[in-house]
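Asks: Protein chains in written order, with the numbering used here: chain W, 10 to 540; chain H, 256 to 631; chain L, 3 to 313.
Since the hints were derived computationally from the structure, they do not count as laboratory data.
Treat the hints with care, as some may be off.
Simulated restraints, written as ranges between beta carbons of each label pair [to be verified]:
(1) Leu-376/H to Gly-230/L: 39 to 45 Å
(2) Leu-376/H to Thr-15/L: 57 to 63 Å
(3) Val-159/L to Arg-91/W: 41 to 47 Å
(4) Met-521/W to Ala-295/L: 41 to 47 Å
These numbers come from a predicted model, not from an experiment.
Idealized CB from N, CA, C, for every residue including glycine.
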Amino acid sequence: MTDSIGTGGGKPPPVPAVELAGITKRFGAVVACEGVDMVFHRGQIHGILGENGAGKSTLMKILIGLVLPDEGRIVVDGAERRIHDPLVAADLGIGMVHQHFSLVEALSVWENVALGEKGTLDPGAVRERIEEIGEQYGLAIDPDARVGDLPAGLRQRVEIIKCLRRDPQIVIFDEPTSVLTPEESEQLFSSLRNVVAAEGRAVALVSHKLDEMLSAADEISIMRQGRVVDRQVPSETNARKLARSMVGRDVLLRSERAALGLVGGDEQGHKDMGSPGSRGPDSQHPTLRIEEAVARGPGGTKILDGLTIELHRGTIVGLAGVEGNGQRPLGDLLSSLLPLESGRVEVDGNAVPAGRPGAMARAGIGVIPEDRHDSGVVLEMTVAENLVITNPYYVTRRSLIDSKRLAAFAREIIEEFDIQCDGPAAPMWSLSGGNQQRVVLARELMQNPKVLVAAQPTRGLDVVAIEYMSNRLRTAAEEGVAILLISSELEEILDLSNRIVVLRGGRVAGEMSRSEASLENLGLLMGGSTG
Amino acid sequence: MSIATTKVAPTSKTWRRIRIGEWLLLYALSIFGALLIAGTLVEATGGDWLPVLSALLDGSVRRPGRWGETLGVAGPLLLVALGTVVSSKAGLVNIGQEGQLLFGAAVATYFSFLIGGPGPLNVVLILLFGAIGGAAWAGIAAGLLYWRGVPEVLSTLLLVTVSTQTVAYGMRWEWLLLAPQSSRGNRNQVSEQLASNNRLPRPEIFGNEFPLTVYIGLVLALLLAFGLGRTVWGLRLRLLGHNPRAAKRCGVSEKTFGVGALMISGGFAGLAGGAMLAGGGFSFGNYQFMSGFSDNIGWTGLLVALVARERVLLAVPIAFVFACLRTGSSFVGSTGVEGRITDVIQGLLVLALLIPPAVMLLRNIRRAKAAATVRV
Amino acid sequence: MSSFPQAVYDIFTSNSTYINAALFGGLLAFAATGEWVAERAGTLNISVEAMLLAGAFTSAVGYDLTDSVVVALVAGILGGMLVAAIQAEMSHRLSADQFVVGLTLNILIFGLTGFLDREIDPATKTAARWTVPILNKVPLIGKALFSQPWPFYLLYVLIPLSWWLVYRTRWGLELRASGENPQSADVSGIDVNRRRRQAVYYAGLTSGLGGAFLIFVQVGRFDDSIVGGRGFIAIAAVIFGGWTLRGTILGCVVFAAALSFRLSIQGLGYQVNSELLQALPFLVTILGMALFAHRVRPPAALARPFVRGLR
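Only chain W is shown next, with the shape it has when bound in the complex (with noise of 0.2 Å):
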């Protein structure tokens, strides 16, 4: 670690603004966290690497106050204490950047800065330390602006300067470029650096994202199923080690390609070799067809501006892109949850009308949702009931549903797609993220789609999970159907795709095919602002 290097005797060496010391939470099977030990000494970002479902947020939350660790010790400063609530973590100066989890939208930007603070509302005071916050960090903003009416990027900015508000001493940093591009997300990692070195604050940065540590980090450990497997430092180590550190074996494809992909860029060789979607694309006639969307928010804004895209059977389009850029939307359209105002959707030529309940799905379009709960799963019903929602007449006969059939049909399933749970019966609710996952997923394939929409479908998996999932999507290419990728990993995204379109702003920025795609292309058709 960056401890003094031992020129002996001297100084004691600093004493760590937070260590965590064999902190272990477990939510009834699952362990989340397991015998955590990490240090964050001021004037450096650590970084926390981890897959989705590794722990980080987990532990985070502890340090944050918002969750109880069951065993373990958190020392801040040199003394021990107990974190039960977030104004405990705040009086002791550790402060967190939330992905959008605590603004109010319905009242300004100097009122949600405002939001949790102690003492008489002085609105000039807050308004006028926004401005001082927005000067020094680059983070300028509008405080009487209504957060409703802010897209994500600002959203976000609005979010990190409430964190920064009350100088918080320890700051962690949740996931926080998913909202920015490249771009931005190198201003913010050179404010970091400013934050923490002229002011001796400890920043914690938590992230999977390989490139980001390396280039940001001062240190990093690497977390993987609830311990910390690794500590590297990112002048001694490269992506592939990390990568290798995150899998824990040797190596995953995806992982592998993609490390190998984004340190160069353009290795040429291995493309061709096992790439996905064997067959080529037929180019008769477009299985999806999607032509001058133009769909609005709820605050009148365009997100959908004209978005035209075709996918062919048997192939898969990776849509790449900094979220906030159409994809939810897009996902939305697919799932029968956005109107347009414009433009059309085919299927086979077939136009399907954007909006109504239960079209698309009815056209042979697949989804897995970005957000599983949000459209995907339902948490109260059971797996039986989950896997037939989408089409109950499998199981039915003469209207009603032949519970017999239903539990048969679900267990065939379970055991076809290996999901772990205590039987047909058991409710949505208990099973893990990867599990409800792979509910949807065999949900999807089993109605044979024509088309199948697969938004950010390894987020939060552990790494079988996410294996799992890309050769599945490699299998459903094989056998014709047209999957459409949406994903904010660029390395899911090179692994998988035949061919790369960028979204920006709610419209396609470009495409190219596999092997014309490199970072350096790709970023520059994602750059640009979204704010």
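We have chain W; now place chains H and L onto it with these hints.
Replies: This is chains H and L only, laid out in the frame that chain W set:
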């Protein structure tokens, strides 16, 4: 309206038995507490609690013919409760049953004097018109919700008074609801009495008579329980209630199902109103419609559903309990204690019934380190 | 009987119309102001009826025991807050369904006050009248607004105070956050349910005062029918006003005017459609919601209970 309940990991059999024991104890304590408060109130104001309790029991079940009366009240309560369950399952909050019931009864009254035909058919039609009236009234709220975005909790509430006033207006005119002067006697605001062949039969069992409403209610309860659990419609309805976006994706139109659920809910309330009219009995105006006809049955039926936590089969006994309080209260007056005490008892009992689930929930939240749904 | 237009003119130019309107409106304003605060916090408190009734009864008893109007007002506040305690604690601490609690309280308090009234039968009177010089000479509305029994003037303090509390204090900010987005408020360190409870208590305070107002300014004695559904009209006023205080008070004024008009026109011997007039507040509110649906937004979390996930 359902609260997020914390889930605890599956438990062994003894553990489950202990927990059932805990529940029973909590309920017993709460109910006892409520009765204790009521009893103290009676004593403190110079009365005696024992005669009051006795009167309640007499009035509800003990005296001959009384439990028939009680069942007669329980019938409409159950119907209203069933309707409430339907709208709740769809994720809607309908608190306008009182108005829907009243309007349904008014519509039933109006049409009862227009129809001819054989007796049994008439009765069926009267009930049907009641249901249609109630459904139409709820339909207003449904339309407001789905075409103008007005929250149904607010519109159904406001529509209750509108219903009362609309019906009152109807009671002023002979061409609407008012009985002609000759049949009115010395009462001001009544409708004509239903002809004897337009009434629901009141079969007698062991000396107790009560209208067919009770059987209708029970049958509908069974049908509804089955429908919710075992039909595609029920699955889709519940899907809508749990996750409207997933429902939309799966082809469940929020408009169709939601409007349908709300109108069915109103329809049940209106059916209750029609049944109160055609089922008669002195509890309900003896086959005559009058001002104040709904007599809080709508509100109470809503309460039954809420107390039964929207479980269809649980609504049956709970409707009976509430009915007991109503019929029992008419006997309390003769003990010298002010009859209002039964409102107090009912109120305290409902509050008491709310306490055990709340306590258990809090305890689970504090204790459970089990598989919890933390959706962040 | 004069012609109808003449009658209407007479009504609009008579002092008593405005005085009646002020009395009706005053009651509504007490209840609606508190309910506005409660709904801004995200609670839908349908026990306003019970709060008004309880406040009226306890204030009557308070006066009966001490012959002091001041004590009576305090007693009224306590009565309203007692009902609020049940509503608040059961709905926002014990997570019971707020509609069940509210409805039950209406029944319970109606029964309880009716029951106790028979036993105790408190004697009351209207409070002493205070007249504001000069202002009370303003034509038509002068007497109505400035020459009333003194508890009326508490409104002139209560309304601005409530506005200030909700919009200018931290308490109010947290309250509004709890009503718009309780999850975010929670993560920001605000105790959502505590703020909601406090909002309900505030409603109990103002409605309790409103109940006392009924006795000591308007009616002069207790009877369990004096509230008669006005609590629901107060709720309608909040909705009518689009969840702003200005709008709410406007709603109270409009509804009170309708009530007063009905009284006057019937007093002059005219048979107007009294049912329409009685339903008017509700019809107008529904219509308002339907027409202005896109501009008028309830607090986003209105009527939705908040339970934090497991820690």
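Asks: Hint by hint, say whether it matches the structure.
Replies: Hints, one by one, checked against the model:
no.: 1; hint: Leu-376/H to Gly-230/L: 39 to 45 Å; verdict: holds (42 Å)
no.: 2; hint: Leu-376/H to Thr-15/L: 57 to 63 Å; verdict: holds (59 Å)
no.: 3; hint: Val-159/L to Arg-91/W: 41 to 47 Å; verdict: holds (45 Å)
no.: 4; hint: Met-521/W to Ala-295/L: 41 to 47 Å; verdict: holds (46 Å)
The structure meets every hint from the earlier list without exception.
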